[in-house]
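Q: Here are the chains, one letter per residue:
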Amino acid sequence: MTSETEIVENLNSKFKEAIVDANVQRKARVIITAKKDKVLDIASHLKKELNFDFVVSVCGLEMPQEDAFTVVYHFWSISNKILLTLKTKVPKESPEMLSLTPIFESANWHERETHEMWGIKFSNHPDLSRLLLPEDWSEKPPQRKDFTLPR
Amino acid sequence: MEFLAIVNLIIDAIVKILPAVLFMIGFPLLGVWYERKLLARVMLRIGPLHVGKYAGVLQLIADFMKLAAKEIIIPTKANKNIFIAAPIVATIVAALPLAVIPFDGNWVVYRFDLNLLFVFAMASLIPLIILLTGWASYNKYSFIGGLRVIFQMLAYEIPLVLSVLGVVILTQSFDLIKICNAQSKIWFGLLQPLGLLVFYIASIAEVERMPFDIPTAEQELVIGWQTEYSGILFGLFMMANYISFGIHSLLITIIFLGGWLGPSFLPPMAWLLLKTAIVATLTMMFRGTYPRVRMDQLLRLGWRILIPLALINILLTLLIPTIGLGVVT
Amino acid sequence: MAVLRISWGPQHPASGQMRIILDVDGDIVVNAIPSVGYTHRSIEKLAEYRRYFQIVPLVERICNLDSFNVTLGYVQAVEELMGIVPPERAQFIRVIMSELNRITSHLYWLALFGIMPGQPTMLMWPIADRELFLDLAEMVTGSRVTYSYFIIGGVRADLPSDFPNRALKTLDYFEKRLKVYDKMLYRSKLYEMRNRGVGIMKKADAINLGVVGPNLRGSGVKVDTRKDEPYQVYDRFEFEVPTEEVGDAEARAKVRFHEMEQSINIVRQALGMLPEGPFQVKAPFRAPPGEVYKKVEAARGELGFYIVSDGTDKPYRLKISSPSFRNLAAFPFLMKDVTMADIPVIYFSLDPFPLDIDR
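Chains as they are written, first to last, in my numbering: chain A, 167 to 317; chain B, 41 to 369; chain C, 350 to 708.
Because the hints were derived from the structure by calculation, they are not lab data.
If you're wondering where the values come from, they're calculated on a predicted model, not measured in any experiment.
We put the CB at the ideal spot given by N, CA and C, even for glycine.
Errors might be hidden in some of the hints.
Estimated spans, in silico, between C-beta atoms of each pair [as the list claims (entries may be wrong)]:
1) K571/C / I101/B: 52 to 62 Å
2) N189/A / R354/C: 43 to 53 Å
3) G358/C / R340/B: 26 to 36 Å
4) P638/C / N178/A: 22 to 32 Å
5) K311/A / F402/C: 16 to 26 Å
Think about it this way: if two alpha-carbon atoms lie no more than 35 Å apart in a straight line, the pair counts; the simulated DSBU-like pairs of lysine-lysine are [unchecked claim]:
6) K253/A / K552/C
7) K394/C / K306/A
8) K287/A / K258/A
9) K214/A / K576/C
10) K552/C / K202/A
11) K552/C / K214/A
12) K525/C / K253/A
13) K552/C / K213/A
14) K551/C / K287/A
15) K255/A / K180/A
16) K525/C / K77/B
17) K180/A / K571/C
18) K528/C / K77/B
Based on the provided sequences and hints, a complete structural model is requested.
A: Structure, rendered in structure tokens:
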């Protein structure tokens with residue numbers, strides 16, 4: 167049973183340069199912000215060493231006044247009962263990053279939805295086709311802030 | 041004088057065919073209503089209630105009129121001739137055995153020595169019609185339904201015929217009248233319990249009732265081979281289904297349960313219809329109690345369990361003498 | 350024989366509002382690809398245009414049968430963001446209604462699960478018994494489904510005075526009915542033939558695929574948000590989390606059945622412990638900036654709400670992690686090399702709700 171602070175210390179010591187920010191928000195909630203190219207290594211470390219079992223959700227986020235999208239991964243550990251949030255930034259002009267599906271099979275369908283809604287490309291993903299939007303959707307990805315709904 | 045003789049002849053003919061025709065029309069109408077009310081009570085519902093003064097008896101007539109008034113939709117690419125001809129042919133073929141089945145010791149439309157064989161011959165034509173229907177509808181679901189029917193009916197016709205052979209050996213004839221009259225001392229159902237069991241299960245599978253109604257598996261195949269049918273053609277298929285159900289129940293009663301024999305306070309035909317009604321009720325109760333079996337489990341049951349049981353039945357009949365019971369005529 | 354591509358499609362008596370593309374070879378399914386999105390209503394995007402208290406009816410529509418559990422998830426996430434704590438009586442009422450809703454949702458599942466192998470009686474009985482629970486809900490909230498009863502800060506109105514009596518009577522009657530269902534469904538030999546050994550998911554596969562709820566518990570993994578992260582007053586009750594080891598359709602069905610029994614248990618305990626007091630607390634319009642992830646155990650599994658707030662009265666981002674979407678990963682995995690007759694059985698043993706998947 168690792169505690170939240172132990173997880174933060176472990177990650178900080180193992181991935182010194184890649185982790186931009188790591189803190190414990192409250193009991194059972196750890197939030198990590200990391201650089202995009204190291205996310206795959208961090209995920210593999212989470213699965214093998216720190217007992218995180220599956221991906222709970224993947225979503226996109228567009229913080230105001232930034233030139234990047236934030237991709238937010240949530241992981242859950244059954245044995246430790248801790249939820250870890252992993253955030254990483256991808257630039258808006260070429261939003262792409264490596265997919266976590268080879269390590270976490272449960273990220274498959276979530277990444278597909280995030281790709282569809284935000285336009286973020288996940289390389290090495292088995293199948294990034296249409297999921298929720300209609301087949302003839304040709305406008306920009308809808309959950310971005312510059313796609314406004316008609317009032 | 042001749043005119044009166046001709047009128048006599050006509051009245052005789054009408055009286056002769058009356059039970060068969062009434063059965064053919066009455067059993068689907070009454071049977072469906074009865075089944076709906078029975079199943080409704082099992083399922084904590086009420087069933088048809090409003091049409092007709094008491095308990096919705098005329099519901100079936102209303103349903104039939106509705107079906108008759110609907111538009112007949114034929115898919116463009118379907119084979120029109122087979123599509124329209126199939127329900128009509130199916131109803132005729134399903135109802136033909138009524139021409140030779142006796143309703144009483146003497147009351148039969150056409151007296152024929154091999155009437156049991158005739159019934160089985162007609163029963164084996166039906167799968168062919170259904171296969172053609174499934175193919176002619178030009179629909180994937182219907183096609184799969186038609187194929188499933190062939191598998192199912194092939195597997196169950198063999199035990200159906202084999203299980204009756206025990207009775208045939210004892211009475212040494214294929215004649216239903218002789219078989220029924222031979223049960224005056226003891227019913228064949230008690231002498232041949234294995235035969236009765238196998239015949240009953242095989243007949244439920246032959247008429248596609250629960251738990252063996254895989255070809256019309258509504259939850260998977262949208263009613264299977266009848267998917268494209270609407271209106272009066274669908275009504276005819278339903279009629280054909282219930283007529284064969286009625287005929288199989290009649291057969292069970294005549295062959296195994298003493299047919300029209302019974303104490304004399306009721307006419308023999310009334311005994312026949314009463315026993316048929318009890319057998320039909322039992323079969324209808326299965327619909328409310330059991331889920332459907334899967335195709336491979338169905339085929340396993342037919343080929344690996346029922347056929348050996350039927351063969352064991354024949355073996356036992358040959359080995360155990362029953363002459364002392366006064367059965368052989 | 351050539352491979353036939355069948356669309357077990359939206360126009361089908363047994364598929365719900367989604368589509369599974371099956372590649373069938375004879376009677377064996379070679380491949381199954383779910384195709385969803387028929388009921389996508391962009392709830393997450395719409396939520397960015399509405400105030401926090403206006404979103405409760407919006408979020409409810411992701412599962413209108415299971416409305417209490419879903420709105421509870423959203424409402425308690427916002428309460429954590431705003432830092433308010435609802436009064437005790439409200440928390441007890443929330444737990445009672447959520448557990449009754451779990452029973453309702455499981456009865457609906459039981460009805461569909463019964464008719465899939467072709468047993469119409471098992472369709473009619475649970476739906477008839479569900480009516481009693483809908484009457485209870487109507488007594489409290491005024492509607493049968495989609496209640497919109499929980500609000501930020503408590504519940505909308507208090508329980509009627511004769512609610513505890515009526516609820517206890519209904520539960521006593523329902524316990525007897527559960528025994529009848531047990532005999533009809535779980536002990537029937539034909540049901541065993543259809544459900545035993547069908548759609549087996551081993552423990553490692555279930556964790557890997559990320560399935561949730563009774564599907565995960567049916568494969569031997571004891572994960573239940575009510576015990577892992579107790580919310581509202583769940584930590585005051587004694588109840589078990591039913592788990593089965595085998596991981597086939599029968600195991601998942603048994604888990605849901607026992608969950609219904611446990612729900613009866615919890616409601617009885619809660620009705621006995623119900624305190625007096627206020628049922629609402631005033632909630633502010635605006636939420637302080639920050640983010641929160643809060644999850645509940647809905648009837649179909651674990652439902653998570655991720656809310657990012659920028660200090661205004663509308664959420665900046667609302668992400669819903671719904672159970673049926675996470676269970677979707679199990680479809681292509683389980684529906685390989687099975688006969689076509691097994692497809693409805695596997696499908697309904699996973700209990701997908703297409704509205705959940707699409708949001």
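Q: Decide, hint by hint, whether the structure agrees.
A: Verification of the hints:
A hinted range of 52 to 62 Å holds for the C-beta pair K571/C and I101/B, which are about 59 Å apart. Take N189/A and R354/C: their Cβ atoms lie about 51 Å apart, and the range 43 to 53 Å holds. Taken as a hint, the range 26 to 36 Å holds for the pair G358/C and R340/B, whose Cβ atoms sit roughly 31 Å apart. About 25 Å separates the C-beta atoms of P638/C and N178/A, a value consistent with the hinted range of 22 to 32 Å.
At roughly 23 Å, the beta carbons of K311/A and F402/C sit within the given window of 16 to 26 Å. The straight-line distance between the Cα atoms of K253/A and K552/C is roughly 29 Å, inside the 35 Å bound, and the hint therefore holds. This hinted pair checks out: K394/C and K306/A have alpha carbons roughly 14 Å apart, not beyond 35 Å. Distance hint between K287/A and K258/A is fulfilled; the C-alpha atoms sit about 11 Å from each other, no more than 35 Å.
Distance check on the hinted pair: K214/A and K576/C sit about 25 Å apart at the alpha-carbon level, within 35 Å; holds. About 32 Å separates the Cα atoms of K552/C and K202/A, which keeps this hinted pair within 35 Å; it holds. A C-alpha spacing of about 17 Å is found between K552/C and K214/A, which places the hinted pair at or below 35 Å, so the restraint holds. Restraint check: the Cα-Cα separation between K525/C and K253/A comes to about 51 Å, which exceeds 35 Å; the hinted pair is violated.
At most 35 Å may separate the alpha-carbon atoms for a hinted pair to count; K552/C and K213/A meet this at roughly 16 Å. Simply put, K551/C and K287/A have alpha-carbon atoms about 32 Å apart, close enough for the 35 Å limit, and the pair holds. Using a Cα cut-off of 35 Å, the hinted pair K255/A and K180/A holds, with the two alpha carbons roughly 20 Å apart. A threshold of 35 Å between alpha carbons decides the hint, and for K525/C with K77/B the separation of about 25 Å falls inside it, so the pair holds.
Simply put, K180/A and K571/C have alpha-carbon atoms about 31 Å apart, close enough for the 35 Å limit, and the pair holds. Between K528/C and K77/B, the direct Cα distance comes to roughly 25 Å. Compliance with the 35 Å bound is thereby established for this hinted pair.
The structure fails hint 12 only (numbered hints given earlier).
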